[in-house]
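Novice: Chain residues, written in single-letter form:
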Amino acid sequence: MAKREVTNSNQQNDRRMKTKDLIYAGAFGAIYLVVMLVIVMGTSGIAIMYLLAPLTVGIVCATIYELCVLKVKKFGPALILGVLFSLVSCMGNIPGMIGCFIAALLAELIIKAGGYSSRKSYLASYPIFNLTMAMPYTMLGFQRETFIRRAADWYSQGYADALDAAAPSWIWYGIAVEAVIGGIIGVLLASKLIKKHFDKAGII
Amino acid sequence: MDLTLYGDDSKGLIKLDPRTKMLMVLSSGVLSFFSYNDVPLFVFCTVLCTLLALCGKPLTALKGYLAFAVALYLRFCISSRASAAPFLEIISQVLITVLLYCLPVVLSFILLTGTTRISQFISAFQAMHLPMKVIIPVAVFFRFIPTVQEEWTGIRKAMAFRGISVGLGSIFRHPMRTVEYVLVPMLFSSISVMEELASAALARGMDMDVKRSSYQSVRLGPADYIAGGIILAVTIYVMSSGW
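Line order of the protein sequences matches chains A and B. Everything in the first sequence is counted per my numbering, starting at 1 for the first residue and increasing by one. Everything in the second sequence is counted per my numbering, starting at 205 for the first residue and increasing by one.
Because the hints were derived from the structure by calculation, they are not lab data. Wrong hints could be hidden among the right ones.
As the list claims (entries may be wrong) - List of simulated lysine to aspartate or glutamate pairs, DMTMM-like, C-alpha gap at most 20 Å: (1) A/K18 with B/E399; (2) A/K18 with B/E400; (3) A/K195 with B/E384; (4) A/K18 with B/D413; (5) A/K18 with B/D411; (6) A/K200 with B/E399; (7) A/K192 with B/E384; (8) A/K196 with B/E384; (9) A/K73 with B/D428; (10) B/K215 with B/D428; (11) A/K74 with B/E399; (12) A/K200 with B/E384; (13) B/K337 with A/D14; (14) A/K74 with B/D411.
Please construct the entire structure, taking both the sequences and the accompanying hints into account.
Specialist: Rendered as structure tokens:
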């Protein structure tokens, strides 16, 4: 009974998040981050794969993000996802955290521009949201020497040299573009999967 | 199948406050970012595993500690001699280092999520005077991570039952298909868990604006001060010397 009342009030034009929406956002955030961490940890052994992580994460995680925002359809889920993301991945990197927040906010604004009803604006928001994946790399882009030195201390001189060789100085912009491309591919995949599975099951 | 409560801490010898555990997660994150030195990591991991054992997860603590010791030993072996295959050396070095630096984070996450009930989370957050809009997503976030892991094991079993492997090999051979096979069932089952969680929250009056009372009393005890003190000391030492 309580559940039905909540769905009714969801259909009204109330765009503030209710308890139920907050639960969805937190839970999808957990799935998103676990999948992201599995991908990054699984591939970062090779320096070039570490640099390609925004692409791979974008492709895989787009479906999770889309389901989250399509399930809630209010102002906030992308922002919560972005904040949880920044807490886990940009620890000790304040500019990166701010960047994550801005990227998530832009994604929210794109959804808002679509009036919370156009599927296209939901899809279009993910490539921007996926810029969050480029934020942990801000250190490599803007504090390059510190980062390379740290990589040498963490891993080995060989890894740092490989990273240094693989990453030219404009690398951060490259990574940002890569994140957007990953987001676009991911969104194409996500819309296919959503049509094929989740629409049919009536989940969103 | 073992049907245990989420975050059951009744078997533990000591009960830590959720806030202390959150401090551990935060400082382990900071530590794995700033520490190059093995000694603080070693001290931190020892404290962490002891606490994990005392909080009622002795087996996990032992496993984690052994994995940590082995990784530390291997790292020492690799770096102490020159090898003939530099590429292999880099890869193995990086893998071991990732393992080494992830372990504190993973262990403290297990400590946090494995020994804390969701109601304890919420009352601890409320004691910190945070608004419900912040409390609920974060509490659900921590509560949901073990669920994701559980669903993943379930999916693997179900797939194996139908003769589909979702291991490393299939990820490389059919990446897209594997993503679909894993992601879709995981999302489906997670969504139904979320719905149940939402109904349970509503039944407990979580969407009311009044201040909630709680059966779970959270209070910082002597154990919290001792554990928190040690953790803070190690973290501050690393932060001040590691830069």
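Novice: Against each hint, give a clear statement of whether it holds in the structure.
Specialist: So, going through the hints one by one against the coordinates:
Between A/K18 and B/E399, the direct Cα distance comes to roughly 13 Å. Compliance with the 20 Å bound is thereby established for this hinted pair. Straight-line distance between C-alpha atoms of A/K18 and B/E400 comes to about 15 Å, which keeps the hinted pair within the 20 Å bound. For the suggested pair A/K195 and B/E384, the alpha carbons sit about 13 Å apart, so the restraint of at most 20 Å is met. Between A/K18 and B/D413, the direct Cα distance comes to roughly 11 Å. Compliance with the 20 Å bound is thereby established for this hinted pair.
At most 20 Å may separate the alpha-carbon atoms for a hinted pair to count; A/K18 and B/D411 meet this at roughly 7 Å. Pair hint A/K200 plus B/E399 holds up; C-alpha atoms about 18 Å apart against a cutoff of 20 Å. Simply put, A/K192 and B/E384 have alpha-carbon atoms about 10 Å apart, close enough for the 20 Å limit, and the pair holds. This hinted pair checks out: A/K196 and B/E384 have alpha carbons roughly 11 Å apart, not beyond 20 Å.
Distance restraint check for A/K73 and B/D428: the Cα-Cα separation of roughly 41 Å exceeds the 20 Å cut-off, and the hinted pair is therefore not satisfied. A threshold of 20 Å between alpha carbons decides the hint, and for B/K215 with B/D428 the separation of about 18 Å falls inside it, so the pair holds. Between the alpha carbons of A/K74 and B/E399 the distance comes to roughly 17 Å, so the proposed pair stays at or under 20 Å and holds. Taking the CA atoms of A/K200 and B/E384, the gap is about 16 Å. The hint holds against a cut of 20 Å.
Of the pairs offered as hints, the one joining B/K337 and A/D14 holds, with about 16 Å between alpha carbons and a cut-off of 20 Å not exceeded. Proposed proximity of A/K74 and B/D411 is supported: the alpha carbons are some 17 Å apart, at most 20 Å.
Against the hints set out earlier in the document, a violation occurs for number 9 only.
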